[in-house]
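In case you want the letters, here they are:
There are 2 protein chains.
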Amino acid sequence: MYQDRIIIDGLQYCNWDRAYFETLKASGITAVHATLVYHETARETLTRFAEWNRHFEQHSDLIMPVMSMADIEAAKAAGKVGIFFGAQNCSPIDDEIGLIEVMRKQGLLIMQLTYNNQSLLATGCYEQEDSGVTRFGKQAIAEMNRVGMIIDMSHSAERSTLEAIDLSARPICISHANPASAHDALRNKSDEVIKSLASRGGLLGFSLYPFHLPDGSQCSLERFCQMIADTANLVGVEHLGIGSDLCLNQPQAVLEWMRNGRWSKAMDYGEGSSSNAGWPDALPWFCDNKGMENIYNGLLKQGFSDTETSQIMGGNWFSFLKDGLAPAK
Amino acid sequence: MYQDRIIIDGLQYCNWDRAYFETLKASGITAVHATLVYHETARETLTRFAEWNRHFEQHSDLIMPVMSMADIEAAKAAGKVGIFFGAQNCSPIDDEIGLIEVMRKQGLLIMQLTYNNQSLLATGCYEQEDSGVTRFGKQAIAEMNRVGMIIDMSHSAERSTLEAIDLSARPICISHANPASAHDALRNKSDEVIKSLASRGGLLGFSLYPFHLPDGSQCSLERFCQMIADTANLVGVEHLGIGSDLCLNQPQAVLEWMRNGRWSKAMDYGEGSSSNAGWPDALPWFCDNKGMENIYNGLLKQGFSDTETSQIMGGNWFSFLKDGLAPAK
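Keeping their order, the protein sequence lines are chains A and B. In terms of numbering that gives the first Met the number 0, the first sequence has 36 at position 37, counting the first letter as 1, and numbering is strictly consecutive. In terms of numbering that gives the first Met the number 0, the second sequence has 235 at position 236, counting the first letter as 1, and numbering is strictly consecutive.
There could be a bad hint or two in this list.
Identical copies look the same in the list; a pair holds intra-copy or inter-copy alike.
The calculated DSS-like cross-link candidates involving lysine-lysine, where the alpha carbons are at most 27 Å apart (straight line), are [as the list claims (entries may be wrong)]: (1) LYS104 x LYS321; (2) LYS328 x LYS24; (3) LYS289 x LYS104; (4) LYS264 x LYS300; (5) LYS300 x LYS289; (6) LYS328 x LYS300; (7) LYS264 x LYS328; (8) LYS137 x LYS289; (9) LYS328 x LYS104; (10) LYS75 x LYS104; (11) LYS24 x LYS194; (12) LYS75 x LYS264.
No wet-lab data here; the hints were simulated from the structure. In this text, all values refer to a predicted model and were calculated from it rather than measured experimentally.
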């Protein structure tokens, strides 16, 4: 039964307010990887944490912070939604290796090494040249391994991603992206990356952001589940999860912050274009509190077993996070 | 026996390095309240935390971080020195109420509302006018109460201190100062303050900084213990501890940072003067790894019982912190 399972969405960046927390609770989701920042500096990241602390204080009947898998189990038992944090870029550590542990202690469990552009650590997927993991990047990977902060390469370029998988002593994730074989896009991942990721124990979260999907906003539930089945054939079920990239109720300004940060004077349209500059239309089967349950049922219909479906809907994220968040031995 | 007791020094700001950690361990001290920052902003405070994380990583055979009293008990059992952090000023929260919880989670257990000067929260002990706790200060006190961050008024002015004691729903501390009746100095506290502090369950840590002592660097151990006995007669033993204010091996530049921060173009000499601008001479009976044991024996000789002596040397700090660090009910 869907209601009995641990359901984890491996990435969301919605407009977090009480109404949305109620939607989340009604959706049956046990825990969500919430994006804390895109381009915020260390100092600005503290303010984002403070804003979330206020959410936890004001909406303690609906949500609770997650620092470990015990907290996810507690959330399930209490009927609350667990929230754990990730950064879509390495901006929270400024240029300082020691801030990895500081941010990890504050509750930043996951960090992308890059967001589309070249960062201090690695190359993003929109750069012309991918020079791989940098000197600082190699040290950051080792430090993230040490403190149990999970490396996420969702927005990174091919070579950098392959290098990060190799350099990391612990499995990494691509929290929200799809196979390029299903939809060719700079943000999606080659079979080589997906196979390398899986061979090292990593996890791929399938995205429901229309720009990452075959047929965009017209992608059917069946087509989405077919993509998952194809990937399971490639690398096995245990490396797959959901990372919906759901961005509900956000104004255009947030899309522009994601795409432009403070780095561009010209408008950068990311995966869109000047004639298609806004948020993509939501998928009709993934736009309200039935979204995750729809996927759950779609996977069963696709032929996945009960156990496999539960793994993809949360069990794999749970196991991956449990291992990945423990400090290095 | 001294060796069996939990010994807590309620304030130090030494030059933290391996040699000093070895001295600390040899001293039999169980835990130390280490000053993390004097004037550092929120961002700079993160770097101080990162530096301490590195100390904990490199010297894990000697020291360990303390977030709760269970950690102090673990330190005692492991024969390590527990370190817990405080700020001597409210600079780590910038102008942002939400940073109190952020800093508390990071490990800032204690915060002074002011350091000598007027702050955003209250008035320091060197100001001509003491306007009491500010609007922001009242909110900060309530928030510190809520999250279990301990209020310290060591460097605050009289009215502000009395107001903070009254406004706080939980007991506060004066971690390092002496009675003005023993030595009249702007940094020392009136009997009115000490009685008010104790009547609300607060704690006074006796300072060994020569500028706070009768006879300065010539103060005898007997005279120091007499001061404690006099204060015990005034308010009872259970409100008294040690907060040595020990600043060993620090260069002059650190003294100037403490006194001048970034606020003064002219040199401010704090408790010193232009003709006496340096660190005061250390007390011969409190300058090496026998310091706390000397006080322990001095208190026994002064006539305190075994139990009373243990309370003053650490038991009172332990109880005070145990209550004060728990989140509000």
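For this session: Could you tell me which of the hints above the structure violates, numbers in ascending order?
Result: 3, 4, 6, 7, 8, 11 and 12
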